[in-house]
Amino acid sequence: MTTTEPTTTEPTTTEPAPPAVGSDGAASDEDRPVGFGNLRRKEDPRLIRGMGNFVDDVQLPGMLHLAILRSPMAHARIVSIDKSAAEAHPKVVAVITGEDLAAQGLAWMPTLSNDVQAVLATDKVRFQHQEVAFVVAEDRYSARDALELIEVDYEWIDPVVDVRTAMDAGTPVIRDDLEGKTDNHIFDWETGDEAATKAVFDNADVVVKEEIVYPRVHPAPMETCGAVADVERVSGQLTLWCTTQAPHAHRTVYALVAGLPEHKIRVIAPDIGGGFGNKVPIYPGYVCAIVASLVIGKPVKWMEDRTENLVSTGFARDYIMEAEIAATSDGTIQAIRTNVIADHGAFNGVAAPTKYPAGFFGVFTGSYDLEAAFCKMSAIYTNKAPGGVAYACSFRITEAVYLVERIVDCLAYELEMDPAELRLKNFIQPDQFPYETRTGWVYDSGNYEPAMRKAMDMAGYEELRREQADKREQFAKDGTASLMGIGISFFTEAVGAGPRKDMDILGLGMADGCELRIHPTGKAVVRLSVKTQGQGHETTFAQIVAEETGIPPEDIEVIHGDTDNTPFGLGTYGSRSTPVSGAAAALVARKVRDKAQIIASGMLEVSTADLEWNKGSFHVKGDPEKSVTIQDIAMKAHGAGDLPEGIEGGLEAQICYNPDSLTYPFGAYICVVDIDPGTAVVKVRRFIAVDDCGTQINPMIIEGQIHGGLADGVGMAMMEMISFDEDGNCLGGSLMDYLIPTALETPDWETGHTVTPSPHHPIGAKGVGESATVGSPPAVVNAIVDALKPFGVRHADMPLTPSRVWETMQGNHTPPI
Amino acid sequence: MQVDLTVNGTEVSEEIEPRHLLVHFLRDQLGLTGTHWGCDTSNCGTCVVLIDGEPVKSCTHLAAMARGHDITTVEGLEVDGELDPVQEGFMQCHGLQCGFCTPGMMLTARALLNNNPNPSEGVIREAISGQICRCTGYSTIVRSIQWAANHESAVTIGASQ
Numbered sequence: 000m001t002t003t004e005p006t007t008t009e010p011t012t013t014e015p016a017p018p019a020v021g022s023d024g025a026a027s028d029e030d031r032p033v034g035f036g037n038l039r040r041k042e043d044p045r046l047i048r049g050m051g052n053f054v055d056d057v058q059l060p061g062m063l064h065l066a067i068l069r070s071p072m073a074h075a076r077i078v079s080i081d082k083s084a085a086e087a088h089p090k091v092v093a094v095i096t097g098e099d100l101a102a103q104g105l106a107w108m109p110t111l112s113n114d115v116q117a118v119l120a121t122d123k124v125r126f127q128h129q130e131v132a133f134v135v136a137e138d139r140y141s142a143r144d145a146l147e148l149i150e151v152d153y154e155w156i157d158p159v160v161d162v163r164t165a166m167d168a169g170t171p172v173i174r175d176d177l178e179g180k181t182d183n184h185i186f187d188w189e190t191g192d193e194a195a196t197k198a199v200f201d202n203a204d205v206v207v208k209e210e211i212v213y214p215r216v217h218p219a220p221m222e223t224c225g226a227v228a229d230v231e232r233v234s235g236q237l238t239l240w241c242t243t244q245a246p247h248a249h250r251t252v253y254a255l256v257a258g259l260p261e262h263k264i265r266v267i268a269p270d271i272g273g274g275f276g277n278k279v280p281i282y283p284g285y286v287c288a289i290v291a292s293l294v295i296g297k298p299v300k301w302m303e304d305r306t307e308n309l310v311s312t313g314f315a316r317d318y319i320m321e322a323e324i325a326a327t328s329d330g331t332i333q334a335i336r337t338n339v340i341a342d343h344g345a346f347n348g349v350a351a352p353t354k355y356p357a358g359f360f361g362v363f364t365g366s367y368d369l370e371a372a373f374c375k376m377s378a379i380y381t382n383k384a385p386g387g388v389a390y391a392c393s394f395r396i397t398e399a400v401y402l403v404e405r406i407v408d409c410l411a412y413e414l415e416m417d418p419a420e421l422r423l424k425n426f427i428q429p430d431q432f433p434y435e436t437r438t439g440w441v442y443d444s445g446n447y448e449p450a451m452r453k454a455m456d457m458a459g460y461e462e463l464r465r466e467q468a469d470k471r472e473q474f475a476k477d478g479t480a481s482l483m484g485i486g487i488s489f490f491t492e493a494v495g496a497g498p499r500k501d502m503d504i505l506g507l508g509m510a511d512g513c514e515l516r517i518h519p520t521g522k523a524v525v526r527l528s529v530k531t532q533g534q535g536h537e538t539t540f541a542q543i544v545a546e547e548t549g550i551p552p553e554d555i556e557v558i559h560g561d562t563d564n565t566p567f568g569l570g571t572y573g574s575r576s577t578p579v580s581g582a583a584a585a586l587v588a589r590k591v592r593d594k595a596q597i598i599a600s601g602m603l604e605v606s607t608a609d610l611e612w613n614k615g616s617f618h619v620k621g622d623p624e625k626s627v628t629i630q631d632i633a634m635k636a637h638g639a640g641d642l643p644e645g646i647e648g649g650l651e652a653q654i655c656y657n658p659d660s661l662t663y664p665f666g667a668y669i670c671v672v673d674i675d676p677g678t679a680v681v682k683v684r685r686f687i688a689v690d691d692c693g694t695q696i697n698p699m700i701i702e703g704q705i706h707g708g709l710a711d712g713v714g715m716a717m718m719e720m721i722s723f724d725e726d727g728n729c730l731g732g733s734l735m736d737y738l739i740p741t742a743l744e745t746p747d748w749e750t751g752h753t754v755t756p757s758p759h760h761p762i763g764a765k766g767v768g769e770s771a772t773v774g775s776p777p778a779v780v781n782a783i784v785d786a787l788k789p790f791g792v793r794h795a796d797m798p799l800t801p802s803r804v805w806e807t808m809q810g811n812h813t814p815p816i
Numbered sequence: 000m001q002v003d004l005t006v007n008g009t010e011v012s013e014e015i016e017p018r019h020l021l022v023h024f025l026r027d028q029l030g031l032t033g034t035h036w037g038c039d040t041s042n043c044g045t046c047v048v049l050i051d052g053e054p055v056k057s058c059t060h061l062a063a064m065a066r067g068h069d070i071t072t073v074e075g076l077e078v079d080g081e082l083d084p085v086q087e088g089f090m091q092c093h094g095l096q097c098g099f100c101t102p103g104m105m106l107t108a109r110a111l112l113n114n115n116p117n118p119s120e121g122v123i124r125e126a127i128s129g130q131i132c133r134c135t136g137y138s139t140i141v142r143s144i145q146w147a148a149n150h151e152s153a154v155t156i157g158a159s160q
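Same order as they appear, the protein sequences are chains V and Z. Numbering that gives the first Met the number 0 puts the first residue of the first sequence at 0, with every later residue one more than the last. Numbering that gives the first Met the number 0 puts the first residue of the second sequence at 0, with every later residue one more than the last.
Mixed in with the good hints there might be a few duds.
To spell it out: a stretch of chain V is covered by chain Z in this simulated footprint if at least three of its residues, at any positions, have a beta carbon under 8 angstroms from a beta carbon of chain Z; those stretches are [as the list claims (entries may be wrong)]:
id : region
1  : 579-589
2  : 690-704
Pairs of lysine to aspartate or glutamate, DMTMM-like flavour, derived with a Cα cap of 20 angstroms [as the list claims (entries may be wrong)]:
id : chain 1 : residue 1 : chain 2 : residue 2
3  : V       : LYS788    : V       : ASP673
4  : V       : LYS297    : Z       : ASP27
5  : V       : LYS41     : Z       : ASP27
6  : V       : LYS41     : V       : GLU556
7  : V       : LYS90     : Z       : ASP27
Think of the hints as simulated: they come from the structure by calculation, not from any bench. Predicted, not measured: the structure shown is a model, and the values here were computed from it. The C-beta atom is built at its ideal place from N, Cα and C for all residues, glycine as well.
Build out the structure end to end from the sequences listed, making use of the hints.
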């Protein structure tokens, strides 16, 4: 049985799932579930002992260290490179420049968007900190010492920093490497019905227009990117330990790019210290490490420092969105229209399915039942680092949700309507699902009002509004009260890319394999194509298999992150592990169970139709005493004696799951802030998050993922931004400049959930890993803007640092870019 | 130059370059890779170890400066197969996801609890505010430390001598 027929059609429930929870709120050993529930994580025992194995922990005999020389300028022609002094350093083994790579045809590599990116610059540098040369030395200190000895002569070219003017006549052409390129344009993209949308706008009672900027931010995982490459001279076998969220996809790309035979490449993603999309692309450093090991014949380690991570690897957002919303005067939202300028940096390195150059931005219609919608977008090259899809963005849904949730609040401001009431009035209704949006996305299931009401109840929404009214009155009287703001966001995501007919990355269909073997003693091993970076796959995938087979999770080993030992699949990003690979795990377990049923019928001497499954065993209908456990069956499958006719020995299966469609998790978030009117310092007082990700596999892990995403939202809304000066110098190159929230800027999160299963996912689950990162920034910004209502503020752009809030209070708000 | 110091209760004597950072000395020379490195600028705290019981960022501390001192790394928290309550708390309360910041967080927590066995939530948040976690949003880390405070045993690894 490998169909994707719905197995769960229950309506939404707002009751918590019944997990086994110990007295401390954590799962106790005694009550640990065989299947779904709050199981403590299998990853933790090694990690809390400091016995994880991260890429920088890999030490191989004779291993050398690689360091990269980067450009100090954003846009410059390389006149000459003198590496002789570096080569003379006693501990240096090799110094390689772009010219050296070009001689091997390796100076350029494809990006995930079918553009090309320089591995090492040959003709010119196109962003500050671009890779120019690398040194391989006996130790990491010497490698960095030698970088100082390389002399590069650059010839300045005016950098293109402002994306708004990057298409003006006379602007330097960044990508003169592309034949016939005469401007900085990458692509135009549109979705929706322009004429129908215009007709609605032309006749609308109310139209609200606002420029909404989502500045450039960076995922900044705690572990930076790096790799250890080890090419065996004789066999040509490459083993690459690498910080990758997608080991199989990377292996295939190396095979296609470097011409290495794919069967001679083994990519191992060991423990990963956070990814958030930052570890999806292939970076020049990985290729440099491979080339170095290939040339030198020894293992080579490359590990970024923090600055390199922030200034050169996959950033996120950088969207300037002109947004318009049309509504009736009583608050029925009719249409949304937007015109977007997208800054993609110097190379189009966006990781998105081929047919979706703007990712899934098309879900910008949000959770509302509209008459029409239209989006027009232009993607532009600038002299900045490449990237664009990262930071738990669900392929640009972060930008889409921010757009719709901000402009809806602007509409509420103009209509003088409560933003909760406005949203409730316009939600897609439960009986409209599956719901096709005006931009063609088919939402699988949803029940929005209960989630919204639950969040409002948890927040004590009416009471908060009363408190706010009192404070505003006092502030108007004598200016003493703090400025209190209440912000709401209601998001719908589209995750689980994706159906192979529509979705691929560099031609690779976005399906995922899964293999399950049950050993003779009833213990099992499940092998995944996806890869945890902290999400807890070793636990949750064991739970999925446990739920389907009845084998306790502690008896199930989850193998992942090693291309030699797992089936092919596209990896973990875009919240796709549970929607795609989780489905694969459930279905492969059902396939094994189907075989087990046939073997059980032989053991119990009845037909399969006379057997009933009771998690962990088959028994004869009407005679529960006559039963065999999955462990008994496993031994029988491998043992002596006859098996039913046509049944081979063994108890294992492998499948490749191609999802029918995406899953559409949703949630209601409410943020409460207080602003000190004297300093403009914003304090997040409370944050209430109600999420619905369908069936919950491990509520403890879901809550943890939500918490992390909420902190991201506070960070982006109030602190985080990668900015540039007019010369293209990156101003966010360290964690002193790129501010990330700590335990002091974040509140104790208040979470709740509803459960609306996905009708097409085998266990009814939807993705959740990015929900809170997607949903929380508008809640925080809406709260801050709401707090500033007494100053007549309708909109303010992130990051809302004290100085930017202060300027906004003075009526001097400017966009951040 | 030579450094003599105590690491997790064991006396160590090693040749180093004077410029070697403590984090690299621990990781590369002693093979104690539980101490991580994340930012170079003392902002992230993945490199926190205890020096004479006080949390210190080993990425901006020379190995030479540790001479004569008593270092505790994450590998020293478990004693004779007994986990430190802080380690147990992080597992019980889902205080970690990717696990990269975890060693530093746990060592700071250990130092806090040695000095203040019953810290308030605010005190805990203040104590870990020099460290960054990208996964948890901190609430479960706070709960983990509270769990440890409620389950303290006689173990006081890293307590000032």
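We went through each hint and held it up to the structure:
no. : hint                   : in the structure
1   : 579-589                : violated (count 0)
2   : 690-704                : holds (count 5)
3   : V:LYS788 with V:ASP673 : 13 angstroms, holds
4   : V:LYS297 with Z:ASP27  : 18 angstroms, holds
5   : V:LYS41 with Z:ASP27   : 27 angstroms, violated
6   : V:LYS41 with V:GLU556  : 9 angstroms, holds
7   : V:LYS90 with Z:ASP27   : 17 angstroms, holds
Against the hints set out earlier in the document, violations occur for numbers 1, 5.
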